[in-house]
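First to last, the protein sequences are chains X and U. UniProt numbering numbers the first residue of the first sequence as 1 and each following residue consecutively. UniProt numbering numbers the first residue of the second sequence as 1 and each following residue consecutively.
It should be emphasised that the hints constitute simulated quantities derived from the structure, not laboratory data. Predicted model, so just to flag it, every value in this text is computed and none were measured. Check before you lean on any hint, since a few could be wrong.
No copy is singled out in the list; a pair is fine if it fits within one copy or between any two copies.
Claimed, not checked - Computed cross-link-like contacts, BS3-like style, restricted to lysine-lysine with a CA-CA straight-line distance of at most 27 Å:
no.: 1; residue 1: 295; residue 2: 113
no.: 2; residue 1: 219; residue 2: 295
no.: 3; residue 1: 113; residue 2: 255
no.: 4; residue 1: 295; residue 2: 122
no.: 5; residue 1: 255; residue 2: 22
no.: 6; residue 1: 22; residue 2: 295
no.: 7; residue 1: 255; residue 2: 219
no.: 8; residue 1: 22; residue 2: 219
no.: 9; residue 1: 22; residue 2: 113
no.: 10; residue 1: 219; residue 2: 122
no.: 11; residue 1: 113; residue 2: 219
no.: 12; residue 1: 22; residue 2: 122
Protein chains: 2
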Amino acid sequence: MSSSPLNVAIIGMGTVGSGVAKILLNRAEQMTARAGRPIHLKRAVVRDLSRTRDINLPAGVLTDDVESVINDSTIEVVLQLVGGIDPAYDIMLRVLESGKDVITANKALLCEKGELVFQRAKELGRCICFEAAVAGGVPLIETVTQAMTANQIISIEAILNGTSNYILTEMFSHNTSYADAVRTAQEIGYAEADPAMDVDGTDAAQKLGILVQLALGVKVNLDQFLRQGIDSLSLADLQYADELGYTVKLLAVAKLLDGQLEMHAQPTLIRNDNPLAHVEDAYNKIALEGDAVGKVWLSGMGAGQMATASAVVANLIDVAVGRAAITFPRLNLWNSSQNIQILPREDISRRYFLRLNVEDRPHVLADITNVLGNHEISIASLVQHEAPEVDETENYPIVPLVIMTHRTTEGQFQAASRELDALDCIRAPFVRMPVND
Amino acid sequence: MSSSPLNVAIIGMGTVGSGVAKILLNRAEQMTARAGRPIHLKRAVVRDLSRTRDINLPAGVLTDDVESVINDSTIEVVLQLVGGIDPAYDIMLRVLESGKDVITANKALLCEKGELVFQRAKELGRCICFEAAVAGGVPLIETVTQAMTANQIISIEAILNGTSNYILTEMFSHNTSYADAVRTAQEIGYAEADPAMDVDGTDAAQKLGILVQLALGVKVNLDQFLRQGIDSLSLADLQYADELGYTVKLLAVAKLLDGQLEMHAQPTLIRNDNPLAHVEDAYNKIALEGDAVGKVWLSGMGAGQMATASAVVANLIDVAVGRAAITFPRLNLWNSSQNIQILPREDISRRYFLRLNVEDRPHVLADITNVLGNHEISIASLVQHEAPEVDETENYPIVPLVIMTHRTTEGQFQAASRELDALDCIRAPFVRMPVND
């Protein structure tokens, strides 16, 4: 083994970058043993040098000049730990072109520009590692690309957004509203000041997109599959689901059915006897099914400083010892080799949960069940409790009605849904969620 | 990439060997893509050529001559899928010495002769891969050695024996006796005709031994830690545990406490809100805790033909592409580098569950609680139902008494246990299990 140090730089000393620096500095001996040579943090690039940080870097390491990294030919690996596309995309290309390998946790960049940066890295003989970009500290990328390599992966069902899972857990376990749960999540650092990308399903959908490309070699754009967030849910939805024996999770699903790919990321009712129903707080949980290995479940922290840093440093060791240079060129990523069609969304077949607020008067239930029946949707169960809300401006009291359907197609369900929307006996909110069976 | 085929041989065409052959033959195109060159199954060595098999091998592949593999210099990798030590140990050494890499699922051999075969492989510049030896299709070895490399692993809590877990699940969910559940497990192929190694805790202890060496670099012999099987449990134990809010699992535990290693593999009460309590049938589940990543849970089939074959073939791809040659020499295995002491078993601190059958007469409870009190063991909860068993040969009816203690040491508990054994008011069976908190 060579004992010359491996020079690395971190671009972006936010939460994750600081966590990585802590491991490299505080655990230098262990890192040297694992890498076979010392790992030397030569530069750490920040935007604002004056900001106080929770880590003391050796003199000369901190800089606000990204060029000092790109132009330093002794730096072999860059840990690019900044979010967003701009300027992260340009920086990544320039880092690769300067002959360095890249480790990143930026899933938005991979989702939007992955094809371009991967192509460029392959042309240049460099590698891009991104274990931390999906499910943080959970070894998901490694499992999909290496451990399950003998399999045809036939399904992925995953809770990939820790913020949403925390909010749903908080709402149900503390009987709080969505707004209050978001506030708590922001206070303890699980949600950003603007949590839109987490709670509207974008983050989970981006991660599912990366997983599907890795597992199946299929490139799917975000607008090609159903995506819905938890931001339209109420505590009542979680409570009715529980009454029926289900838990609501933001579930990302991709599965092969007769050679077609069913794919969606939506709040979903999961039966309480399914292991995916039991993951609390900001944890992620993923069920992978391979045609040889059967089902494998992985769970752990999908975000957070040290969990994400742990995945980044594991990738750094992969680069240092040469495993990444072997694995990266073989990844089944952004090269759509397999002839898998996306199942049209109207053909997706599932059961559905509906929560409606309806006028408490004759014929209402008949009107609603007629609409469903006309679209060949049969009712599996129905819950109507006595009126909790009385709106005095209305002619009739308003009562909540919860319906679980038997299996139907998304197409039929949407058609029925639109007709229900037009009924004047139904008041907002009208919540619709699929059921995972 | 070279396109010359990689010649491999399988030694042992039992369940797993046949599963591996199925993947190599039926999925040749996928394997070629993953390995970067064709994988050619050149030989499959069996003891009895006349036996019928559930797979058709190409002409000339099947042989009963192990020498035809060892002496064939064109064979680069041997999948050694036979159990036991003898002759597997000698064969493995000769395979390594003939310049071939080895992939094995034989944990008994690794546990007993691991130090010797690993040393020899390193001297010869060869590698030994064994993902399938612990937890079958669950990517546990890869997670411990690669994904968690930035961590100090601080605890391993694992359900590693699928047979025992199946039997416990069957007993509790179908209200059957231990003997009946063993028979069912044998009928469906989850238990051997002689299930001793599975149900007496040996198999789980061997796997824990391998994990501890990988995770902590500490060599622990089987006689250095507490090992107990499920073969002394009754349905009543599982039912009383459930009444108290716990599930009984054969749990293998290793954790660092102030630099000392607590280690045991025993039937253990696990609180129902712990994810380890929820793993059914023949599945394995492992909770790993790292000081950076926090807790990571992995779960999947720990045995079975295709799940184990999936792990073997993943290792074969690791060898084919060169990852194994990088990873193996760096494994922290059988080279006791870390200065970790084993916590003496009498110092292990836990809560305990006791189920005693006692005479239903005055002073019995006082006698028992006095013994516990004299050893500073306090009682957390106590269940005594009315006498279900009346033994007419006895002077008094016999009633079951279940006690959960507060935390005490194994030393104090054993001392109290011995005194309780000597009380003439206590009848067999007297079941004792630790509680996992």
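Against the structure, the hints:
In this homomeric assembly, residue 295 and residue 113 never come within 27 Å of each other (Cα to Cα): the closest approach is 31 Å inside a single copy and 32 Å across copies. Within a single copy, residue 219 and residue 295 get their C-alpha atoms as close as 24 Å, which meets the 27 Å cut-off; across copies the closest is 32 Å, which misses it. For the homomeric pair residue 113 and residue 255, the shortest alpha-carbon distance inside one copy (24 Å) is at most 27 Å, but the shortest distance between copies (43 Å) is not. Within a single copy, residue 295 and residue 122 get their C-alpha atoms no closer than 32 Å, and across copies no closer than 34 Å, so neither meets the 27 Å cut-off.
When the C-alpha separation of residue 255 and residue 22 is checked against a cutoff of 27 Å, the pair qualifies only between copies, where the shortest distance is 24 Å, while the shortest distance within a copy is 39 Å. With identical chains, the CA atoms of residue 22 and residue 295 are at most 27 Å apart between copies only, with a shortest distance of 19 Å across copies and 36 Å within one. Taking identical chains as interchangeable, the C-alpha atoms of residue 255 and residue 219 lie at most 27 Å apart only when both belong to the same chain, with a minimum of 14 Å there against 43 Å between chains. For the homomeric pair residue 22 and residue 219, neither the shortest alpha-carbon distance inside one copy (36 Å) nor that between copies (30 Å) is at most 27 Å.
In this assembly of identical chains, residue 22 and residue 113 lie within 27 Å of each other by CA distance neither inside one copy nor across copies; the values are 30 Å within and 39 Å between. For the homomeric pair residue 219 and residue 122, the shortest alpha-carbon distance inside one copy (18 Å) is at most 27 Å, but the shortest distance between copies (42 Å) is not. When the C-alpha separation of residue 113 and residue 219 is checked against a cutoff of 27 Å, the pair qualifies only within one copy, where the shortest distance is 12 Å, while the shortest distance between copies is 47 Å. Taking the shortest alpha-carbon separations for residue 22 and residue 122, neither the intra-copy value of 31 Å nor the inter-copy value of 33 Å comes in at or below 27 Å.
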